[in-house]
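> Here are the chains, one letter per residue:
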Amino acid sequence: MMPEWLNTLSWWQWGILAGVPPLIVSLYFLKLKRQPLEVPSTYLWSRTVEDLHVNSIWQRLRKSLLLLLQLLAVLLIALALGRPGWKGTQLAGERLIFLVDNSASMSTEDVNGRSRLGESKRRIGALIDEMDSGEVAMIVSFADNADAVQTFTGDRRLLHRKLKAIQPTNRSTDPQLALRYAAGLANPGRQANDARDTQVADALPASLYIFSDGGFPAVKDFSLGHLEPIYVSIGSESAHNVGIISFAAERNLERADQLQAFSRIENGGAVDAELLVTLRHEGNLIDSQRHSIPAGNGVGVTFDLPRDLDAGVLSLRLENASGSGDYDDNMAFDNVAYTPINPPRLARILMVSHGNDAWELALTTERVQQLADVAVVKPSAMTSESFLQEAGSGAYDLIIFDMCSPPEMPLCNTLFLGAKPPGDEWKAEPFASPPYFLDANGTHPLMQLADMTGLLVAEGFKVVPPQGGQTLMEADLGAMLAIAPRRAYEDAVLGFGFFSYKDGKASEVLTNWHTRPSFPIFVMNVVKYLGGSRGAFAMKPVQPGHELRIRALTPVETVTVKTPAGDKIEVFREAMGSFVFSQTQQQGVYEVIEGDQDEPAQRFAVNLFNHRETSVLPQEEIDIDHEKVAGTLSRQPVRRELWKWILLGLLGLLTFEWYIYNRRVYL
Amino acid sequence: MSTASPTLLSPELLAQLERMELVSRKVFRGRMKGERRSRRKGQSVEFADFRNYVPGDDLRFIDWNLYARMDRLFLKLFLEEEDLHFYTLFDASASMGFGDPSKLYVAKQLAAALGFIGLCRADRVKLEALGASRREGGPVLRGRSSMWRMMDYLNSIQPNMNVSLQQGVKEFCIRNSGKGILVLITDLMDKAGYESALRLLVAQQMDVYLIHVLAKEEMQPELAGDLKLIDCEDGDEAEITVSRPLLQKYQQTLAAFINGAREFATKRGMTYMTATTNTPIEQLIGNYLRQRGLVR
Numbered sequence: 078m079m080p081e082w083l084n085t086l087s088w089w090q091w092g093i094l095a096g097v098p099p100l101i102v103s104l105y106f107l108k109l110k111r112q113p114l115e116v117p118s119t120y121l122w123s124r125t126v127e128d129l130h131v132n133s134i135w136q137r138l139r140k141s142l143l144l145l146l147q148l149l150a151v152l153l154i155a156l157a158l159g160r161p162g163w164k165g166t167q168l169a170g171e172r173l174i175f176l177v178d179n180s181a182s183m184s185t186e187d188v189n190g191r192s193r194l195g196e197s198k199r200r201i202g203a204l205i206d207e208m209d210s211g212e213v214a215m216i217v218s219f220a221d222n223a224d225a226v227q228t229f230t231g232d233r234r235l236l237h238r239k240l241k242a243i244q245p246t247n248r249s250t251d252p253q254l255a256l257r258y259a260a261g262l263a264n265p266g267r268q269a270n271d272a273r274d275t276q277v278a279d280a281l282p283a284s285l286y287i288f289s290d291g292g293f294p295a296v297k298d299f300s301l302g303h304l305e306p307i308y309v310s311i312g313s314e315s316a317h318n319v320g321i322i323s324f325a326a327e328r329n330l331e332r333a334d335q336l337q338a339f340s341r342i343e344n345g346g347a348v349d350a351e352l353l354v355t356l357r358h359e360g361n362l363i364d365s366q367r368h369s370i371p372a373g374n375g376v377g378v379t380f381d382l383p384r385d386l387d388a389g390v391l392s393l394r395l396e397n398a399s400g401s402g403d404y405d406d407n408m409a410f411d412n413v414a415y416t417p418i419n420p421p422r423l424a425r426i427l428m429v430s431h432g433n434d435a436w437e438l439a440l441t442t443e444r445v446q447q448l449a450d451v452a453v454v455k456p457s458a459m460t461s462e463s464f465l466q467e468a469g470s471g472a473y474d475l476i477i478f479d480m481c482s483p484p485e486m487p488l489c490n491t492l493f494l495g496a497k498p499p500g501d502e503w504k505a506e507p508f509a510s511p512p513y514f515l516d517a518n519g520t521h522p523l524m525q526l527a528d529m530t531g532l533l534v535a536e537g538f539k540v541v542p543p544q545g546g547q548t549l550m551e552a553d554l555g556a557m558l559a560i561a562p563r564r565a566y567e568d569a570v571l572g573f574g575f576f577s578y579k580d581g582k583a584s585e586v587l588t589n590w591h592t593r594p595s596f597p598i599f600v601m602n603v604v605k606y607l608g609g610s611r612g613a614f615a616m617k618p619v620q621p622g623h624e625l626r627i628r629a630l631t632p633v634e635t636v637t638v639k640t641p642a643g644d645k646i647e648v649f650r651e652a653m654g655s656f657v658f659s660q661t662q663q664q665g666v667y668e669v670i671e672g673d674q675d676e677p678a679q680r681f682a683v684n685l686f687n688h689r690e691t692s693v694l695p696q697e698e699i700d701i702d703h704e705k706v707a708g709t710l711s712r713q714p715v716r717r718e719l720w721k722w723i724l725l726g727l728l729g730l731l732t733f734e735w736y737i738y739n740r741r742v743y744l
Numbered sequence: 008m009s010t011a012s013p014t015l016l017s018p019e020l021l022a023q024l025e026r027m028e029l030v031s032r033k034v035f036r037g038r039m040k041g042e043r044r045s046r047r048k049g050q051s052v053e054f055a056d057f058r059n060y061v062p063g064d065d066l067r068f069i070d071w072n073l074y075a076r077m078d079r080l081f082l083k084l085f086l087e088e089e090d091l092h093f094y095t096l097f098d099a100s101a102s103m104g105f106g107d108p109s110k111l112y113v114a115k116q117l118a119a120a121l122g123f124i125g126l127c128r129a130d131r132v133k134l135e136a137l138g139a140s141r142r143e144g145g146p147v148l149r150g151r152s153s154m155w156r157m158m159d160y161l162n163s164i165q166p167n168m169n170v171s172l173q174q175g176v177k178e179f180c181i182r183n184s185g186k187g188i189l190v191l192i193t194d195l196m197d198k199a200g201y202e203s204a205l206r207l208l209v210a211q212q213m214d215v216y217l218i219h220v221l222a223k224e225e226m227q228p229e230l231a232g233d234l235k236l237i238d239c240e241d242g243d244e245a246e247i248t249v250s251r252p253l254l255q256k257y258q259q260t261l262a263a264f265i266n267g268a269r270e271f272a273t274k275r276g277m278t279y280m281t282a283t284t285n286t287p288i289e290q291l292i293g294n295y296l297r298q299r300g301l302v303r
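Chains as they are written, first to last, in our numbering: chain L, 78 to 744; chain U, 8 to 303.
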């Protein structure tokens, strides 16, 4: 490494400095202070010195160690003033923010035998050690949430300690919250409406170091402000990982008495994989399949379950093709998935109608009866005490209101046919003319497999759902079917009825839908989706760390959730009737015990099931606020100056000179 | 650097010196009868030689046996016993005052010891400091009773007689023409050189002993740093920067100086001996001088 020179003096200043050494030499010889000493005779000394007078200048120099040391000291000062330096690297910025990704993919062990999180911590530790005095740093860890590990401090020991305490998680990745937190601390703002409020601190530029493998979508609706993002890509481009991104048990559509297990396996690494996919029930092997999955591809795997299987926990595991054990890749977390088989439970559906033969007929098919227990009441029953009690206690999973509306919304899902829910949240704008069907959202579970071609509607209204709702069926005059969440439930509103009623009897036909093949499919979708059961096999899968709203099957005030580790956690009913459970960090099957029952009423599974986390190849750049931030070194080239070291050497030299002078050391 | 000591010779040393005597390699003529043989033929019992009878000689010394054989008259000659002249000449210049103990002190000790031996043997002892001849010469001493006078004289000498070696020896030789043993005690630190002075002594045909006195500080100087050496006799200056090579060179110069003096003296029949101030006087007298034959 060749040193570089930075000239700090002008030519005449260098001239003055160059004249100093000869001046020292001349002064040294001209006026060398010698200590007088009386001796008996200079006879021998004179003869001695004479012999050494050959090349006297050099002999004097050789004898004068102190002179040489002083000249060397001047040389070092001149050298230091030249500010020599070489190319080094340095942290960028005085304020540093370290965002540490500790999501599931950061557990991938593909960096010199270390996990990506471990590598991130090692690199951050090295950066902390390079901090100059006056620099402060902050550490924030993030997965799909953010944790302020340490606020701005210059205490390096504290930073190291907090850094070491960061633990890996099994959660997905979303840096949004972490970025907002960092921006909030780095760029304190003022309230827009209060002129008296002043900034707590001036907004100062800060260097934002993001240590991640980039496995998250583009961050939108976020302004970097004074943050200077530096993305440090962690991970190997040759990482190897195969993971399960979905796993569920369903009843065979063609054969109602048979269960099937469905899963999707993806190869998110850079290496083709050949492996064994094994299915177990309560730990007992049921079946296994061998699959070859090229890098970057996925495969769907289906297992037929034995007929006598009606409850328990199914586990899907990836194993080596040789059957020698768990599949060996860089991230093991997504190599196993769980799903429970809940005891069969019929959905409880109530239809409030004057008499809708089409619906009643559709709801009484053998197929629906296998899934739901349907009751029909007249609209006049909505004011009865029993109805109000049952509707208000969650006794039903779904209430269908046909051309009528309850005084208040029940504690369950609802479907309104030709009517809107009470209140002002939903809007109904009557069509001026018969609407013409345009399109349906076939991806929504309610509209799956329902071909709406040929649908005719005589009259109806445009459905305007409240905030958060989505349109499922669109006509030329507006939405005809929409669904919107209502706390723990969902409400669907069909903007037209099937029949008009007069004197409690159907009088006119308002649509031909009930004659179309899509109608029974739609009814089945309603039973499955809004009825709250998907074959009553499992609740919706939950991702680690996410909260879950549990709907009790019985009107109890508390439920007890048993985690995969065996811990029992009591959860109380919320005001809106559901139970919110958020301690879902562990992967596995949780059991929900209602009230004082001994057996679990239902089970749910927590699995990662995240395509981005399974795809472990590190991203070369990330997108923040529409700004592409390429992966870079954690340091930036800078000039490393040596003058401090030279002056330190000078100090040592002066100390040595003092030692020489006082101890009369000879050479 | 006190050069005067109340007791130059300890009682133990005096007892040792009483048993010694000065030895001369040559037989010299003394003025008075002493305990030594003399070349002069006198009236003693020791036969020396014959000579022809001359009318007026003492008839008691005619060798009648030789007359009977040779029918000629011959006179017997006998050696006559005479006293030894012992001279001690010591350097009292300023350079002799250097050292601890000073070189002059050691010189005085040597002079006193040798003088005491001579006094005990009824030799004629004369002690003199170089340059003292200008003012007054040293006392001539004889017999043990003169001991105190010798000590008084020695104690009165101070290292302030800055006279060159050659000049001091010359003045001594002019005033002291007798033969005998001469012990010259000096440091030979004369910038004019010692050669001419020693030649003068050789010309006196005395039995010369040269005791080269050097201080231990001169043998192993403990100097350091940048110094300006000032000669205590003539004020001459020499600037030096002490270093290991310089000290090594000084040792070489000193050794060459000593060897040169030894060689010069030995070639001219003088007995040379080096004495340092850290050598005990008993060792100097009992070993060194005995080895060189000055005492026994």
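Hints should not be assumed to be uniformly reliable.
[Said to hold, decoys possible] Beyond 12 Å from chain U on every Cβ pair, some chain L residues (computed):
#1 Glu127
#2 Leu144
#3 Leu301
#4 Leu353
#5 Asp403
#6 Glu536
#7 Asn602
[Stated by the list, open to error] So the derived label-pair ranges between C-beta atoms look like this:
#8 U:Glu270 with L:Leu730: 20 to 30 Å
#9 L:Leu730 with U:Gln290: 46 to 56 Å
#10 L:Arg111 with U:Glu270: 30 to 40 Å
#11 U:Arg297 with L:Phe733: 53 to 63 Å
#12 U:Ser203 with L:Leu730: 52 to 62 Å
#13 U:Ser203 with L:Arg111: 26 to 36 Å
#14 U:Arg275 with L:Arg111: 51 to 61 Å
#15 U:Ala199 with L:Phe733: 55 to 65 Å
#16 L:Leu730 with U:Gly232: 18 to 28 Å
#17 U:Tyr295 with L:Leu730: 46 to 56 Å
These are calculated hints, taken from the structure and not from any lab test.
Quick caveat: nothing in here was measured; it's all calculated off a predicted structure.
We put the beta carbon where it would ideally sit given N, CA and C, even for glycine.
> Compare the structure with each hint and give your call.
Hints, verified against the model:
1. Not every Cβ of chain U is farther than 12 Å from the Cβ of Glu127 of chain L; the closest lies at roughly 9 Å, contradicting the non-interface assignment.
2. In this structure Leu144 of chain L is not separated from chain U by more than 12 Å, as the shortest Cβ-Cβ distance comes to only about 10 Å.
3. Every Cβ of chain U is farther than 12 Å from the Cβ of Leu301 of chain L; the closest lies at roughly 69 Å, confirming the non-interface assignment.
4. Consistency note on Leu353 of chain L: stated as away from chain U, and its beta-carbon is indeed over 12 Å from all of that chain's, at 84 Å minimum.
5. A cut-off of 12 Å between C-beta atoms confirms that Asp403 of chain L is not in contact with chain U; the least separation is 77 Å.
6. Distance check for Glu536 of chain L against chain U: the nearest CB is about 121 Å away, which clears 12 Å, and the non-interface claim stands.
7. Taking the minimum C-beta to C-beta distance to chain U, about 106 Å, the non-interface status of Asn602 of chain L holds against the 12 Å cut.
8. Evaluation of the 20 to 30 Å hint for Glu270 of chain U and Leu730 of chain L yields a failure: the beta carbon distance comes to about 50 Å.
9. Separation of Leu730 of chain L from Gln290 of chain U is about 51 Å and conforms to the stated range, judged on CB atoms against 46 to 56 Å.
10. At roughly 35 Å, the beta carbons of Arg111 of chain L and Glu270 of chain U sit within the given window of 30 to 40 Å.
11. The hint said 53 to 63 Å for the Cβ distance between Arg297 of chain U and Phe733 of chain L, and at roughly 54 Å that hint holds.
12. Taken as a hint, the range 52 to 62 Å holds for the pair Ser203 of chain U and Leu730 of chain L, whose Cβ atoms sit roughly 55 Å apart.
13. Against the hinted window of 26 to 36 Å, the Cβ-Cβ separation of Ser203 of chain U and Arg111 of chain L comes to about 34 Å, which satisfies the hint.
14. Between Arg275 of chain U and Arg111 of chain L the beta carbons are some 41 Å apart, a value that contradicts the proposed interval 51 to 61 Å.
15. Take Ala199 of chain U and Phe733 of chain L: their Cβ atoms lie about 46 Å apart, and the range 55 to 65 Å is violated.
16. A beta carbon spacing of about 20 Å between Leu730 of chain L and Gly232 of chain U agrees with the range 18 to 28 Å that was offered as a hint.
17. Between Tyr295 of chain U and Leu730 of chain L the beta carbons are some 52 Å apart, a value that agrees with the proposed interval 46 to 56 Å.
Violated hints, listed in ascending order, are 1, 2, 8, 14, 15; each of the other numbered hints is respected by the structure.
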